[in-house]
Amino acid sequence: METTTKTLELKLERTISASPDEVYEAWLNPKIPGTPWNMAEKLILNPEVDGFFYWAFKDIAHYGRFTKTERPGRIQYTWVSPNTLGEESTVTVTFKQQGDGTLMTLVHSGLPDTENGRGHEDGWNYFLDIFPRQFKDG
Amino acid sequence: MPRLDSVFHALSDSTRRSILRTVALGEQTVTEVAQPFQISLAAVSKHLNVLERANLIRREKRGSFQMVRINAMPMKEAGEWLAYYERFWNERLDEFEQFFKDKKDANEK
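Protein chains in written order, with the working numbering: chain B, 1415 to 1552; chain E, 4 to 112.
Chain B extracted, bound-state conformation:
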């Protein structure tokens, strides 16, 4: 009986030329370019565990709640938007000292389960292209 289930996960890394503490603080600061909150036209942001965020850009609303705020190593929040089809996904950002800088890793996980979408062969081909990056076990 096979019981393992895998959920799709998106993982991105950047090396930032600042200390983990500075990078952690910056990620929660809407004034810093590149944070999701920085592009908001409307914003509510309460970055503490069980704190809520709402931001809207061009009438597209994003919501979530913070689940981890472990300064300076980790921030985790849920993420709900029309692109998650209203389902709650999870974003985890970690900060690790690397030389003078910080290795920043962002993982977005929790693929929405939906019956929506229309089938095209190009969807399948596209997936085969990206697939090796998701499952490196063969």
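Some hints here could point you the wrong way.
[To be verified] Sample of chain B residues facing chain E (criterion: CB under 7 Å; computed from the structure):
(1) Arg1428
(2) Ile1430
(3) Pro1447
(4) Gly1448
(5) Leu1457
[Unchecked claim] Once the Cα atoms are required to be at most 30 Å apart in a straight line, the calculated DSBU-like pairs of lysine-lysine come out as:
(6) E:Lys49 to B:Lys1482
(7) B:Lys1456 to E:Lys106
(8) B:Lys1445 to E:Lys112
(9) B:Lys1445 to E:Lys104
(10) B:Lys1445 to B:Lys1472
(11) B:Lys1425 to E:Lys106
(12) B:Lys1456 to E:Lys112
(13) E:Lys64 to B:Lys1425
(14) B:Lys1510 to B:Lys1472
(15) B:Lys1510 to E:Lys49
(16) E:Lys107 to B:Lys1445
(17) E:Lys112 to B:Lys1482
(18) B:Lys1482 to E:Lys104
(19) B:Lys1482 to B:Lys1456
(20) B:Lys1425 to E:Lys107
(21) B:Lys1510 to E:Lys106
(22) E:Lys104 to B:Lys1472
(23) E:Lys49 to E:Lys64
(24) B:Lys1482 to B:Lys1472
(25) B:Lys1510 to E:Lys112
In case anyone wonders, no lab produced these hints; they're calculated from the structure.
Glycine included, every Cβ here is placed at the ideal spot set by N, Cα and C.
Using the hints provided, position chain E relative to the given structure of chain B.
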């Protein structure tokens, strides 16, 4: 099991991925599907069951043959979600990284 969980479960096995790549090129009989693998027809049949439950393939009886063909729709949903957020977060992180580079450059001047 939620539908996309079953998709990724189905895709977590290299034999099943290999089967999918083969039938993506065109429909085949179960015997043809089994041919490249050093496993029994019964084992192949189990893999096909997992793929069918995930709605990744369809099986159809035609005379004495059972045909297997791909169903691409669940793949498309997964691919779209991934592509959207890959672009979104890459753009965000590029801008974030640049902010610190600019700041560092300014401090060094």
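Quick rundown of the hints versus the structure:
1. Arg1428: Interface hint status for Arg1428 (chain B): holds (5 Å vs cutoff 7 Å).
2. Ile1430: 5 Å, holds
3. Pro1447: 5 Å, holds
4. Gly1448: It holds, given that the least Cβ distance between Gly1448 (chain B) and chain E is near 3 Å, below 7 Å.
5. Leu1457: Because about 15 Å separates Leu1457 (chain B) from the closest Cβ in chain E, which is outside the 7 Å limit, the hint is violated.
6. E:Lys49 to B:Lys1482: This hinted pair is violated, its Cα atoms lying about 41 Å apart.
7. B:Lys1456 to E:Lys106: Since the Cα atoms of Lys1456 (chain B) and Lys106 (chain E) sit roughly 26 Å apart, the hinted pair holds (cutoff 30 Å).
8. B:Lys1445 to E:Lys112: 23 Å, holds
9. B:Lys1445 to E:Lys104: 16 Å, holds
10. B:Lys1445 to B:Lys1472: Distance ~18 Å between Lys1445 (chain B) and Lys1472 (chain B) Cα, so the pair holds.
11. B:Lys1425 to E:Lys106: 26 Å, holds
12. B:Lys1456 to E:Lys112: Roughly 36 Å separates the two Cα atoms, so the pair is violated.
13. E:Lys64 to B:Lys1425: 42 Å, violated
14. B:Lys1510 to B:Lys1472: 34 Å, violated
15. B:Lys1510 to E:Lys49: Violated - the C-alpha atoms of Lys49 (chain E) and Lys1510 (chain B) are around 44 Å apart, more than 30 Å.
16. E:Lys107 to B:Lys1445: Holds: Lys107 (chain E) and Lys1445 (chain B) sit about 17 Å apart, inside 30 Å.
17. E:Lys112 to B:Lys1482: 37 Å, violated
18. B:Lys1482 to E:Lys104: Status holds; Cα separation ~27 Å.
19. B:Lys1482 to B:Lys1456: Cα-Cα ~23 Å, so holds.
20. B:Lys1425 to E:Lys107: Between Lys1425 (chain B) and Lys107 (chain E) the Cα gap is close to 26 Å, so the pair holds against 30 Å.
21. B:Lys1510 to E:Lys106: 20 Å, holds
22. E:Lys104 to B:Lys1472: 29 Å, holds
23. E:Lys49 to E:Lys64: 17 Å, holds
24. B:Lys1482 to B:Lys1472: Holds: Lys1482 (chain B) and Lys1472 (chain B) sit about 28 Å apart, inside 30 Å.
25. B:Lys1510 to E:Lys112: 27 Å, holds
The earlier numbered hints that this structure contradicts are 5, 6, 12, 13, 14, 15, 17.
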